[in-house]
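Okay, here's what each chain looks like letter by letter:
Protein chains: 2
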Amino acid sequence: MKYPQTIQNLIECYRKLPGIGEKTAERFALATLNLNQDVIDLFSESLKNSKTKIRKCDICNNLCEDDICDICKNDSRDNNLLCVVEDPKSVILFEKIGNFNGYYHIINGLISPLDGINPEDIDLDKLINRIKNNNIKEVILAVKPSIEGETTSLYISKLLKDTDVVVSKIAHGIPLGTEIDYVDSLTLELAMDNRKKIEDE
Amino acid sequence: MKYPQTIQNLIECYRKLPGIGEKTAERFALATLNLNQDVIDLFSESLKNSKTKIRKCDICNNLCEDDICDICKNDSRDNNLLCVVEDPKSVILFEKIGNFNGYYHIINGLISPLDGINPEDIDLDKLINRIKNNNIKEVILAVKPSIEGETTSLYISKLLKDTDVVVSKIAHGIPLGTEIDYVDSLTLELAMDNRKKIEDE
Chain C
1 MKYPQTIQNL IECYRKLPGI GEKTAERFAL ATLNLNQDVI DLFSESLKNS KTKIRKCDIC
61 NNLCEDDICD ICKNDSRDNN LLCVVEDPKS VILFEKIGNF NGYYHIINGL ISPLDGINPE
121 DIDLDKLINR IKNNNIKEVI LAVKPSIEGE TTSLYISKLL KDTDVVVSKI AHGIPLGTEI
181 DYVDSLTLEL AMDNRKKIED E
Chain X
1 MKYPQTIQNL IECYRKLPGI GEKTAERFAL ATLNLNQDVI DLFSESLKNS KTKIRKCDIC
61 NNLCEDDICD ICKNDSRDNN LLCVVEDPKS VILFEKIGNF NGYYHIINGL ISPLDGINPE
121 DIDLDKLINR IKNNNIKEVI LAVKPSIEGE TTSLYISKLL KDTDVVVSKI AHGIPLGTEI
181 DYVDSLTLEL AMDNRKKIED E
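Protein chains in written order, with my numbering: chain C, 1 to 201; chain X, 1 to 201.
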């Protein structure tokens, strides 16, 4: 005995979402039956649009519905500053903080030789050409503080060694409000190495 | 700064699912972008079908795509036995166990005077008529063991008092594999009251 085909299909689709197992998918499918018609229409339409309308910005790789994303379209931002991030989510995060006024560039993944992802696989040429052709003064690397992130950051900074571009990296250290005993030793080591004199602040 | 409209819409729709907040909905929406075209098509189509194709079985209220559900269509089951459950999920659960061979009837909710749900709101007439007109010998009540469930069970058994129908209730007690100290006192009390002589089993 199974649910009717439509519900089985919904369960199967919900299971494709990250972290969703059989039970939760079943709960979602049954809850879907109680959604309003307009939510169903919007949901169904948006799913289709996710394949047809959403594309990558020609300039920065951000997600957008036009050729160029809203941030790249905005010419009142500081075009000396470029922040390199891993994914569109990071752009939203930085924009929520709201104090960065430069542009972004999203790279397609991080260098990870163990997973067979080499520098040429993540299209760094587009990034380097953009930096060189647009008179960018400072590149801020804001990728994940992991081995892959560090490798990628290092590689990008090497590619820009012969230019006048300043390459910086967002600071790593102890997050505010954290108990020091819960911080891992590598972070603690970094926090110690990157200590600042109090009068510097 | 927000995501493109399509992604915003997806986030909004995913948030309508039970237990899904802003962050998870965002993760789902971004993950949706990576789904295959055929999954997207199936998902979108199934959502629409959930409104147009899925209906309640004319006989037992189970979810189905025809007038009558697969279980009610199956005339090889035992038509003396009727199991009364709360929702279509319960039917699937009992069918998975597979040792009940009668028919089911799904009531539309439980009697709950505090929430303003009275006996007339859950269409018990359909159930009672079905029992009386179909020569059913035993009605097994398998609803949630809560105050509402108990009230509803009691009410149904009263409606059938003047008939020859045997009304039974699934057993409550300590679930197998549970430590006794984790079981609530009401369940423990029920388990004690409903004790069975070992030779009975």
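One or more hints might be untrue.
[Unchecked claim] Distance windows between CB atoms, simulated:
| id | chain 1 | residue 1 | chain 2 | residue 2 | range |
| --- | --- | --- | --- | --- | --- |
| 1 | C | Met192 | X | Pro18 | 39 to 47 Å |
| 2 | C | Asp184 | X | Met192 | 48 to 56 Å |
| 3 | C | Asn36 | X | Asp78 | 47 to 55 Å |
| 4 | C | Asp67 | X | Glu65 | 39 to 47 Å |
| 5 | X | Asp70 | C | Gly98 | 37 to 45 Å |
| 6 | X | Asn101 | C | Arg55 | 51 to 59 Å |
[Unchecked claim] For the chain C half of the interface with chain X, some residues (derived, Cβ under 8 Å), not all of them:
| id | residue |
| --- | --- |
| 7 | Leu30 |
| 8 | Leu35 |
| 9 | Ser46 |
No wet-lab data here; the hints were simulated from the structure. Ideal Cβ positions, reconstructed from N, Cα and C, are used throughout, including at glycine.
May I ask which of the numbered hints given earlier this structure violates, with the numbers listed in increasing order? Result: hints 3, 5 break, sorted rising.
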